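Starting from the structure of chain A, add chain B where the hints point.
Okay, here's what each chain looks like letter by letter:
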Amino acid sequence: MTLMTRELKASFAFVERNFNLTKRYWGWEVAFLVYAVAGALAVSLIGAGQNDTRLLLTLVIGAVFWNYLSVVFSFIAETVSWERWEGTLEYTFMAPVRRYAQMLGSTLYAVIFGFVHTVVVLVVLALFFELDLSQANFGTAAVFMVLGSVSFIGIGIMTAILPLMYVERGAQMTFVLQSVLLLISGVYYSIDVLPGWMQVASNFSPATYVLDGVRAGLIDGVGTADLLRDVWPLALMGIVFIPLGLWAFGRAERYAKRTGKLKRVG
Amino acid sequence: MTGLLQEPKTEPMRAPVPAAPPSRTRRTLPEDGVPALLVEHVTKQFLVGRKRKPVTAVKDISLRIRRGEIYGVLGANGSGKSTFIRLVSTLLTLDTGKVEVFGHDIERDEMAVKRLINRVSVDAAFFKKLSPFENLAYAARLYGMDPKSARQQAIAILARLGISEKRLGRPLEQMSRGMQQKVAIARALLTSPTLLLLDEPTTGLDPRSKLDVQSFIEDLRDGHDATIVLTTHDLAEADRLCDRIAIINDGRIVVEETPEALKVLVAERHGQEPTMESVFMTFTGRSLDDDLDNENDENDEG
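Just so you know, the sequences run in chain order A and B.
For the first sequence, the working numbering begins at 1 and goes up steadily by one.
For the second sequence, the working numbering begins at 1 and goes up steadily by one.
Rather than coming from a laboratory, the hints here were simulated on the basis of the structure.
Remember, it's a predicted structure, so these values are computed and weren't measured experimentally.
Just so you know, even glycine gets a beta-carbon here, dropped at the ideal spot from N, CA and C.
Warning: the hint list may mix true and false statements.
Claimed, not checked - Using C-beta positions, here's what the derived DEER-type ranges look like:
| id | chain 1 | residue 1 | chain 2 | residue 2 | range |
| --- | --- | --- | --- | --- | --- |
| 1 | B | 223 | A | 19 | 35 to 45 Å |
| 2 | A | 28 | B | 203 | 25 to 35 Å |
| 3 | A | 128 | B | 48 | 53 to 63 Å |
| 4 | A | 133 | B | 173 | 39 to 49 Å |
| 5 | B | 208 | A | 98 | 46 to 56 Å |
| 6 | A | 166 | B | 215 | 38 to 48 Å |
| 7 | A | 180 | B | 223 | 33 to 43 Å |
| 8 | A | 180 | B | 93 | 28 to 38 Å |
As the list claims (entries may be wrong) - Covered stretches of chain A (in silico footprint by chain B; criterion: 3 or more residues with CB under 8 Å from a CB of chain B, positions within the stretch not fixed):
| id | segment |
| --- | --- |
| 9 | 4-12 |
| 10 | 18-32 |
| 11 | 94-106 |
| 12 | 248-259 |
Stated by the list, open to error - One-sided excerpt, in silico: chain B residues whose CB lies under 8 Å from chain A:
| id | residue |
| --- | --- |
| 13 | 107 |
| 14 | 127 |
| 15 | 130 |
| 16 | 138 |
So that you can see chain A by itself, here it is in the shape it has in the complex (with noise of 0.2 Å):
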């Protein structure tokens, strides 16, 4: 067996594990698909209550959008803290499988579950507002979905170390990072109604090109070719953040190795 066909198997054995606790966990799953689109329409209602289709759109996109991008992060971000949770921790770092398989295959299910809650979400909110999308460009939102979802996995995984170094609140500190991200990345307002500072870091995050491409997308109907100004940062944090996030990952693992801190359990 080759390196790689080993390593794939490798990564399935992840996206077979987490889809049967998916289907065990389904009550759970359900409940939170009904908080994800409670969250969704409280927002979205801002927009309605104005009379302004588009702030609207703009607010649903926020939602949903976020709604994905929060799902995959937080999925490969609980990666360690789920394993911890559960005491396989030990079990599974015993095993002979490259961290980049492991990862690889949490983060397959993690967009792949992710697409499939924000679609029911989407569906729900394109329904309840009965929303026009005939001129959106679907394509161009398919396109910032995928190159963000790149950079979230990098993201992610640098996130998922945090409860591998600090086996209390690690998890926690997960929920203050995607905060950030929301508070800067314009999520459900413009950029430009930040203070300086914020929107020179609303530069280095993800969400603010995949919101930009997205609305401009499904709103306007813009064309990724006329997006470039927000195609190419996307493209470039996928290409750095992921191989940073699997070396600084490593760096973690030698640290948790060295002081003890995969054993600790709960």
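Just chain B, lined up with the frame of chain A:
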């Protein structure tokens, strides 16, 4: 401390040739060839606080385990047994020293070592909402196995351990701890490890489950090409299963011999009853009451 006990020696002691008959027929294992596990001068420390001195969990341990051997590691709670197993399992880095598994250095050739080993720990760590089959399929894929053939193997192993196939589709959380531990053993054996690390596999099991697991280990010893490192608090279990036993005290190996030789040693040199209990008390320098006190202290602190 009772008069039965004495302070442990810092250097491992070698016993004279046993005069008493062994409690079971011991096998003769070849001395030559690549050792299954070679440990040379391994030390591991942990920092427990910024202002406190580091704790040395394993101090300058060296040992050589032959292929096919069952090697017991005994010691009181906190003596360094589990740290030693974690070091060999690649779950901890070495501070100093060297560990080789069938000639593969665990730091330079980590992936090769991981393919050769597996471990059963005292806690059966699983995704408890998943069924044994789902957990075992996950393990099989991690080790590059075909889940279908792994399923057949798992059924056979678990049947040998007294668990029928019809119980394997339900969530693990619905199984008793003894059954979960048997599934953990099946998971470890699925991957056909040539070095199996059993870290207190029978702790907390009822007598029947314990006997099932012990018999299974004997079957492995007799019928499979597996080398086993077994840590246990069950002295009868160690006596029954192990070809050689090392006793760890405060992170050091204080004695290493066959069970028979150890019993002879305490009888001839220390005037104790030739039992494993005497061996344990003599070389750990503790009574069982000390251990219980320590456990209570740890619980109070926790």
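Results for each hint:
For the pair residue 223 of chain B and residue 19 of chain A, the supplied restraint of 35 to 45 Å holds, since their beta-carbon distance comes to about 37 Å. For the hinted restraint 25 to 35 Å between residue 28 of chain A and residue 203 of chain B, the CB-CB distance of approximately 33 Å keeps it satisfied. Residue 128 of chain A and residue 48 of chain B have their C-beta atoms about 56 Å apart, which keeps the hinted 53 to 63 Å range intact. A hinted range of 39 to 49 Å for the beta carbons of residue 133 of chain A and residue 173 of chain B is consistent with their spacing of about 45 Å.
The given range of 46 to 56 Å is broken by residue 208 of chain B and residue 98 of chain A, whose C-beta atoms sit roughly 41 Å from each other. Range check, residue 166 of chain A to residue 215 of chain B: about 44 Å between beta-carbon atoms, so the 38 to 48 Å window is met. Roughly 59 Å separates the CB atoms of residue 180 of chain A and residue 223 of chain B, a value that falls outside the hinted 33 to 43 Å. As the Cβ distance of residue 180 of chain A to residue 93 of chain B is approximately 33 Å, the hint placing it in 28 to 38 Å holds.
A count of 4 residues in the segment 4-12 of chain A with a Cβ less than 8 Å from any Cβ of chain B is obtained; the coverage claim is therefore met, three being the minimum. With a threshold of 8 Å between beta carbons, the proposed coverage of the segment 18-32 of chain A by chain B holds, since 4 of its residues qualify and at least three are required. Check result for the segment 94-106 of chain A against chain B: holds, 5 residues qualifying (beta carbon to beta carbon below 8 Å, three or more required). Chain B is given as covering the segment 248-259 of chain A, and this holds because 4 residues of the stretch bring a CB closer than 8 Å to a CB of that chain, at least three being needed.
Taking 8 Å as the C-beta cut-off, the interface hint given for residue 107 of chain B is violated, the closest approach to chain A being about 10 Å. The criterion of a C-beta within 8 Å of any C-beta in chain A is met by residue 127 of chain B, whose closest approach is roughly 5 Å, and the hint holds. Satisfaction of the interface hint for residue 130 of chain B is found here, the shortest Cβ-Cβ separation to chain A being roughly 5 Å, below the 8 Å cut-off. Hint on residue 138 of chain B holds. Least Cβ distance to chain A is approximately 5 Å, under the 8 Å limit.
In the structure shown, a violation is registered for the earlier hints numbered 5, 7 and 13, in ascending order.
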